[in-house]
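6 protein chains.
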Amino acid sequence: MAKHIAAFGEVMMRLQVPGYELLSQASTLQYSFSGTGVNVTSALSHFGHRGYLVSRLPENAVGDAAASYLRKLGVDSSFIVRGGKYLGMYFLENGFGARPSRVTYSNRQESSFNIAPEGTYNFDEIAKNIDIIHFCGITLAMNDGVRRHMKELARAVKSHGGTVVFDCNYRPAHWGEGGYAKAKPHYEEMLQLADIVMMNEKDAIFTLGMPTDKTEREEQLIELLPQVAKRYQISLIAGTHRFINSDNTHSLRGFMYKNEAFTFSNLLTFSIYDRIGAGDAYTSGIIHGEIEGFTPDKTVGFAAAASMLAHTVVGDTPMSSESEILRAMTEAVGDVER
Amino acid sequence: MAKHIAAFGEVMMRLQVPGYELLSQASTLQYSFSGTGVNVTSALSHFGHRGYLVSRLPENAVGDAAASYLRKLGVDSSFIVRGGKYLGMYFLENGFGARPSRVTYSNRQESSFNIAPEGTYNFDEIAKNIDIIHFCGITLAMNDGVRRHMKELARAVKSHGGTVVFDCNYRPAHWGEGGYAKAKPHYEEMLQLADIVMMNEKDAIFTLGMPTDKTEREEQLIELLPQVAKRYQISLIAGTHRFINSDNTHSLRGFMYKNEAFTFSNLLTFSIYDRIGAGDAYTSGIIHGEIEGFTPDKTVGFAAAASMLAHTVVGDTPMSSESEILRAMTEAVGDVER
Amino acid sequence: MAKHIAAFGEVMMRLQVPGYELLSQASTLQYSFSGTGVNVTSALSHFGHRGYLVSRLPENAVGDAAASYLRKLGVDSSFIVRGGKYLGMYFLENGFGARPSRVTYSNRQESSFNIAPEGTYNFDEIAKNIDIIHFCGITLAMNDGVRRHMKELARAVKSHGGTVVFDCNYRPAHWGEGGYAKAKPHYEEMLQLADIVMMNEKDAIFTLGMPTDKTEREEQLIELLPQVAKRYQISLIAGTHRFINSDNTHSLRGFMYKNEAFTFSNLLTFSIYDRIGAGDAYTSGIIHGEIEGFTPDKTVGFAAAASMLAHTVVGDTPMSSESEILRAMTEAVGDVER
Amino acid sequence: MAKHIAAFGEVMMRLQVPGYELLSQASTLQYSFSGTGVNVTSALSHFGHRGYLVSRLPENAVGDAAASYLRKLGVDSSFIVRGGKYLGMYFLENGFGARPSRVTYSNRQESSFNIAPEGTYNFDEIAKNIDIIHFCGITLAMNDGVRRHMKELARAVKSHGGTVVFDCNYRPAHWGEGGYAKAKPHYEEMLQLADIVMMNEKDAIFTLGMPTDKTEREEQLIELLPQVAKRYQISLIAGTHRFINSDNTHSLRGFMYKNEAFTFSNLLTFSIYDRIGAGDAYTSGIIHGEIEGFTPDKTVGFAAAASMLAHTVVGDTPMSSESEILRAMTEAVGDVER
Amino acid sequence: MAKHIAAFGEVMMRLQVPGYELLSQASTLQYSFSGTGVNVTSALSHFGHRGYLVSRLPENAVGDAAASYLRKLGVDSSFIVRGGKYLGMYFLENGFGARPSRVTYSNRQESSFNIAPEGTYNFDEIAKNIDIIHFCGITLAMNDGVRRHMKELARAVKSHGGTVVFDCNYRPAHWGEGGYAKAKPHYEEMLQLADIVMMNEKDAIFTLGMPTDKTEREEQLIELLPQVAKRYQISLIAGTHRFINSDNTHSLRGFMYKNEAFTFSNLLTFSIYDRIGAGDAYTSGIIHGEIEGFTPDKTVGFAAAASMLAHTVVGDTPMSSESEILRAMTEAVGDVER
Amino acid sequence: MAKHIAAFGEVMMRLQVPGYELLSQASTLQYSFSGTGVNVTSALSHFGHRGYLVSRLPENAVGDAAASYLRKLGVDSSFIVRGGKYLGMYFLENGFGARPSRVTYSNRQESSFNIAPEGTYNFDEIAKNIDIIHFCGITLAMNDGVRRHMKELARAVKSHGGTVVFDCNYRPAHWGEGGYAKAKPHYEEMLQLADIVMMNEKDAIFTLGMPTDKTEREEQLIELLPQVAKRYQISLIAGTHRFINSDNTHSLRGFMYKNEAFTFSNLLTFSIYDRIGAGDAYTSGIIHGEIEGFTPDKTVGFAAAASMLAHTVVGDTPMSSESEILRAMTEAVGDVER
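Protein chains in written order, with full-length UniProt numbering: chain W, 1 to 338; chain G, 1 to 338; chain R, 1 to 338; chain B, 1 to 338; chain Z, 1 to 338; chain X, 1 to 338.
Note that these hints are calculated values from the structure, not bench results. The structure presented is a predicted model; accordingly, all values stated were derived computationally and were not measured. There's no promise every hint is true.
Pairs involving identical chains hold if they fit within one copy or between any two copies, as the list cannot separate such chains.
Said to hold, decoys possible - No more than 20 Å apart at the CA atoms, straight line, and that leaves these computed lysine to any residue pairs for SDA-like:
hint	residue 1	residue 2
1	K3	K158
2	K151	D297
3	K85	N114
4	K85	Q109
5	K3	D76
6	K85	W175
7	K184	Y232
8	K182	I222
9	K151	A116
10	K214	E292
11	K230	R275
12	K85	A173
13	K3	S78
14	K182	S27
15	K214	Y105
16	K184	P100
17	K230	N200
18	K298	P185
19	K230	N60
20	K202	T263
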């Protein structure tokens, strides 16, 4: 039951130092193009859906390269508008063991996406053609123009009967000091428009300012998420808890709250090749489970396995097919496949 | 006591995606040339023997590259015939953690080796010059022409007093449906010609159809291998049991049945860089131990350590010297050698 | 006036030795995916049209990589069917100066495309959606199955009022001995179906067996092409004459015969980075000129400049935009653009 | 007679596609750090002088990498201030033959250098320690803040008896529409402060708006430069005339006007590897000639040879020693030096 | 409180096979320049001090490359003398798991440093300009000329009131058979000149020949180091104990003996990327702690964390800033920093 | 008529900066192993002969890599002795246009080859097995031990009826000041032992001190070579004249003096990729022509074409087959071969 899913979001150029050198040691960079919206729609296109990105790319060689790259990832570029001159970029230096990875941003405030004028996108046309739209809290942090686009598109999709997905994804660096207070009204507006929300207890406590006297993450989650779902009329809330182990492996447990019930996945423990974008793989797994009518158990297990595999794949963008994820849910790690 | 050892087998071109990207993400491939016969004779040449490959390579740039590469590995190319146009190839995408490695074959049925006509090789000449010949079950799976070459060469070596080594190595994909039944008569014919056989309990149960009511691998092994040795008059049977651990390490125990007695190595546990070809390193260790007159204990320990080191080496083909393997048998992993 | 243009043809994997090493010297390959159909439709998509490939790719990692790569090139994959196991491949070793480049093919007769069964493609559906279809003489050389597909699709497009382009492109190696005689009836059938044909005097003389007593290429061209156009009712015939100069530059003159008149481009002389696929750039220029209603002079000049630029671009597939080609037609080579 | 020479200017990160691929074809970039000031002071440090850069770099991994790189080039970083978050960047795609190279800028207006606040630099301290200061017209195009720094530093150096070098280097893209009129007052102010000026007849005509009825470049030069020298009291004006030949070689003639006399170098014709920064090599040659008291003939010949060699070197920044340039002035291109 | 610290020592060119191939498998090498003195002074320059190397580099392209590289690392090259023709080199093949890394030296006895004649360095000038000088036992092993330079410089620094650091670092391969006896008088002479010494119980037992009836490393340490400190009047002795674990991680405990008291760091356990040079990071941490007046606890913890991070960094030379080390002392390994 | 040809000479490790960077700009090196003897015997093995190297390689990872590499080149390693610790190395920085290539040697006087003790090689055994032995003037320049080996081997081959080839190849840097006088007696001794000699008029004038009043190279050649042939009883003398053209191409004319007659090849003009080793290709062509009994015209033409092609091949060692050279003698440079 292939669906048409769009995401609204910025495309970033990732400039990664190969191997484990620092930027001050190396002389080459590997580049790719990604973003939450790119990752989610590319992942869904690997599951057989049609994934569109709604975004704006510069009209130059960098924009051409980004557009080519997105098509390579399976993202349909029909709703991508060209204009402006700059693309947001970030440098990535890989950590090793006790040394953490390091991200350095270039100036993204002047990017083609972030300065797109009113009327850049034909939201009505987009809304007519899609079943589901995906938004992310990082976009919400950018500026008023982008926020206006975001809310306008959400309303257009709602009015055409589509489903709105919102990933809370709060990045302190983008909101600056006093960020939670600045962010709250915008988050509330998006939550009211959303049907499916990606979040955890921290978003409820810090961004929405909800009180709790529980101290354990899971207890807080179980106390607060039902309140959020009720207050903003959200039909499904999902997310993950991540644990960083002393042997450099990570552990992940997925959860989902729907129809007044919580479902949790097994705790998965695994080695990590590239951690960025693994949250988007989880989102895509939840969306796919909902589209396909999986049971909550299967949906959460599928999303968690999708996220686990995304940690083993090069680059931000998940690359696994549905069958590869289903196999990872059931089988032990095996020998070479030949 | 350097010996002349030949192997009869196909040379494959390995086209490997560097690092951990998928074929749909990368743009370069690393290539090398290998095959069970290449691996075994190259490993033996690193131990000081003279290793020959009996094979057929295309008469073009790809064949030239393969021949150069084999010489680089220390394999003597005097018995390699040139003719035909194609070489078998396979693509290798490295897995990481929860994501398994993936092998994709090109069409090898039309390879120079697999379509070599009658009379391609001068088996009598070859048999006169060598002490030991090595064959592999993968070759047996190819087609009637190759099987005829194989058996003819085995008989020629026997008639000149040489030793025949046969590695059962059953690959289900090559025999297709109902494969065990198709394979059985060919395997039996080779076992009757063989002096040294590489196999384990699975080969006895599935390929030779031998019954057992034991359920543990080791019990099955101990029940069945003596029957095989007796039925086909085989003087030495050896092999390994592999265990894949949850932390991505593998464990390996080597075994050997000779003079009606079993010998087992310690269980070795180690990290893996490149798993392909590690079984051939074990074979080469057994052959070397027999040539040198090692005790069964030393032979099995040497072969297991050779296999362990082969997992840490780039490419299919083992690269360790005898002294490096002997050191790995006795010492803990140490600091940099400088 | 963007059109929908499809090409029917095989996708090949190009495995190129980087720099100037031989396959027996190097250890890495650069890979890409191309083919006459890929090149023509990708080039046209860079001019703003929608380019589709009608082809069949294997259902494995190699097929996935090819499909991703085509999308990156701007080719729409809606009419690509997945099935079979093999993709045709060729190795490319770059020549330097006095040493020519060298191409070594793998076995392409068993490729997914070449063994596609009857009913693989929905020709009627394709024909309904496109304005122009492109075929190539290399495809015609493959086997009866492929030839049947080819002619069936050509007839389907004609019956829906579309335009058929046929590039004669005769490759002696593929037809084998006595090739011209074998090829002639198939070429004649395609010429009868075609509206636009890429060919030169050699095709007329050797493939069609047309007599001439002229000895100069241009005189032969002027004598024979009008006869071909008349005999097969072709509205436009175009092609190039290439001259290889002693200083490693090439010179190229484009020609076009339409409405009973010849038009020639200037003789362009240029340095060459990658010669493969430059003929397809010329074809795409002719098709674009016809779509846009350029004068014959502009069409031939545009096609020749497109071909010249394609010689300066990495890989088989042309990458230039319309504006870049128009600028190359008028300006001298300049300084850095910054 | 080693001198202390500083340059005031922005450091840019150059992100170059390796080989001849486009940004939409490749997946890696080579990076380096350069700028007119970097190039001139690095070149002078290769001649044995002490070269300082006066600039501001971001306080993050990108700034660290830039600082390391400048030290590697031999530039003393004592006068480099750290602060801000962004570094200007540009992408470079190498042209080939008929296809020109292409530069795409990122947003440099928010760079650490371009937003450096008043009081960032201790101009008096700098002026005390150096003999010569170098400025460039590209910096003049940035914004009022940078222009203020520039003029303040020029005045400080003058007041301590130092020499001011100004390279007119007008870049239309940076000044925008009506740029010459905007630029003129700033250029005039800098010319009045300058002792040595790099310019040619175009700067006089377009930026300074000086009339001429001559039509040949050289005639215009000879008419206008003496007027410029007189009007702004400049003791030395120098520059080059570049000719782009049809075989992709360039020809260069250096000139210099001093003590009311013109001196011209021979016309040098050469192949080009990397054209960017070759003008800065010429400037460094003129400055070195003046420091060392070369005759005008030798100075102009040295500067032209320095520029020629800079075209053959990888990257923006000249790498030749004085002895290599002197040898290039006298010898024919020879065989391998071994 | 930035200090001027110099180190006297040889610069070596490190030629490393990339990845995990052997020298007989690969075709490229990565090169860098290092040495104990380089590592210590570069590390200290990353902490804000001014680090100088006192050494001699060849007057050719290799020497130029070394000098550039040292500047890139932040080492001041003012006291580097140019002369001679050769640089010591070593090849490094990376081990993996059970396979140890392997170092192969080229001939370093004829290096520019090791044959530097009397009078090469202006020791008095150097001594006047620095606060601390660092020496290493590897240098002491070279030859009489180098030993004379070493002791002369130590005395010059002492006479100007500077601090002498001596790292015992005994390499058996360099002293040859009967090495401890040959080495002892030279070590004793250096210990008498030294204020701060890097050593552990093995140096006391083997090089200095001090008796002990303890069998545990730590007991031996606690017995012997106070005797050493007293006998040679050393104010601070520091070092590490390293343990190689079966899962390829290493554990490290730093110690320090000062004012008649021992201080030990926590036992740190970590994964290793590049082990070479990690001891020099420990030394630099001790020196920095002493300069800054850290408590012994903080100094030992800082030095141990500096060493741990140096194991995670590419190349011999430590790259961490003071703040990165302080964070590594307190925080658990975290998620990506963005 | 395949022959057994040995060469006596040193194996060098070539460490080449990739592309056009300097050693002070780059961070990787490409390595290969070569030498005059390697080049000549590898080239002859590509013509179907059996080529042996007589040399000594270190017993370590560097020696293993060299031995593997030689086998890859087709050189038989049966006469290679292992011992000692060092291999000669040289760094190569590629020039571009006006900037010449640059070679920097490491210390080769202590190489395994140059310090090989008396009795290292079994000259009698070698002499029995080969038809032709090749020596080179570079080896003659090394030291007395090497010269003794060289002359002893030459005499052994003569005494077994073999042919001695001597390439004069005088390198001023190796002989030092007054080199011609030092070299003369050794050259004369070798010339007396030689049957085939590679030299030109400069060797006669400078090394042998023969007077001439001619001023043109060709006139000097024609005057002096017959005297040399007569004085030292040499049956064949051959060599080349090289001209370096202003457009970076080289021109080459081969010559040969035999049976009192001169034969000259056409003047070949060509682009150059890698100039090193091209002289050895010429030598191999002359030897092959003599073995095969070509006419002098064909021999000189074949040798000159072999040398021309060697300029277009990566690395020092010629890679062309006999058929490729024969084709290059007759055909114009053509289009891609496919």
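Hints, one by one, checked against the model:
1. When the C-alpha separation of K3 and K158 is checked against a cutoff of 20 Å, the pair qualifies only within one copy, where the shortest distance is 16 Å, while the shortest distance between copies is 34 Å.
2. In this assembly of identical chains, K151 and D297 lie within 20 Å of each other by CA distance neither inside one copy nor across copies; the values are 32 Å within and 52 Å between.
3. In this assembly of identical chains, K85 and N114 lie within 20 Å of each other by CA distance both inside one copy and across copies; the values are 11 Å within and 18 Å between.
4. For the identical chains of this complex, K85 and Q109 are neighbours both inside a copy (12 Å) and across copies (13 Å), given an alpha-carbon limit of 20 Å.
5. Taking identical chains as interchangeable, the C-alpha atoms of K3 and D76 lie at most 20 Å apart whether they share a chain (13 Å) or sit on different chains (19 Å).
6. In this homomeric assembly, K85 and W175 come within 20 Å of each other (Cα to Cα) only across copies, at 16 Å, whereas the closest approach inside a single copy is 24 Å.
7. Taking identical chains as interchangeable, the C-alpha atoms of K184 and Y232 lie at most 20 Å apart only when both belong to the same chain, with a minimum of 13 Å there against 61 Å between chains.
8. In this assembly of identical chains, the alpha carbons of K182 and I222 never lie at most 20 Å apart, being 26 Å within a copy and 59 Å across copies at closest.
9. Proximity of K151 and A116 under a CA criterion of 20 Å is satisfied intra-copy only: 15 Å inside one chain copy versus 37 Å between copies.
10. Taking CA atoms no more than 20 Å apart as the test, K214 paired with E292 passes in neither setting, with 35 Å inside one copy and 44 Å between copies.
11. Taking identical chains as interchangeable, the C-alpha atoms of K230 and R275 are never at most 20 Å apart, the minima being 32 Å within one chain and 53 Å between chains.
12. Proximity of K85 to A173 under the C-alpha cut-off of 20 Å is restricted to the inter-copy arrangement: shortest distance 13 Å between copies versus 24 Å within a copy.
13. In this assembly of identical chains, the alpha carbons of K3 and S78 lie at most 20 Å apart whether taken from the same copy (16 Å) or from different copies (16 Å).
14. Taking CA atoms no more than 20 Å apart as the test, K182 paired with S27 passes in neither setting, with 40 Å inside one copy and 39 Å between copies.
15. For the homomeric pair K214 and Y105, neither the shortest alpha-carbon distance inside one copy (36 Å) nor that between copies (52 Å) is at most 20 Å.
16. Taking CA atoms no more than 20 Å apart as the test, K184 paired with P100 passes in neither setting, with 30 Å inside one copy and 43 Å between copies.
17. In this assembly of identical chains, the alpha carbons of K230 and N200 lie at most 20 Å apart only when taken from the same copy (15 Å versus 61 Å across copies).
18. With identical chains, the CA atoms of K298 and P185 are never at most 20 Å apart, being 34 Å at best within one copy and 46 Å at best between copies.
19. Proximity of K230 to N60 under the C-alpha cut-off of 20 Å is found in neither arrangement, the shortest distances being 47 Å within a copy and 44 Å between copies.
20. Only within a single protomer do K202 and T263 lie at most 20 Å apart by alpha-carbon distance; the minimum there is 18 Å, versus 41 Å between protomers.
The structure fails hints 2, 8, 10, 11, 14, 15, 16, 18, 19 (numbered hints given earlier, in ascending order).
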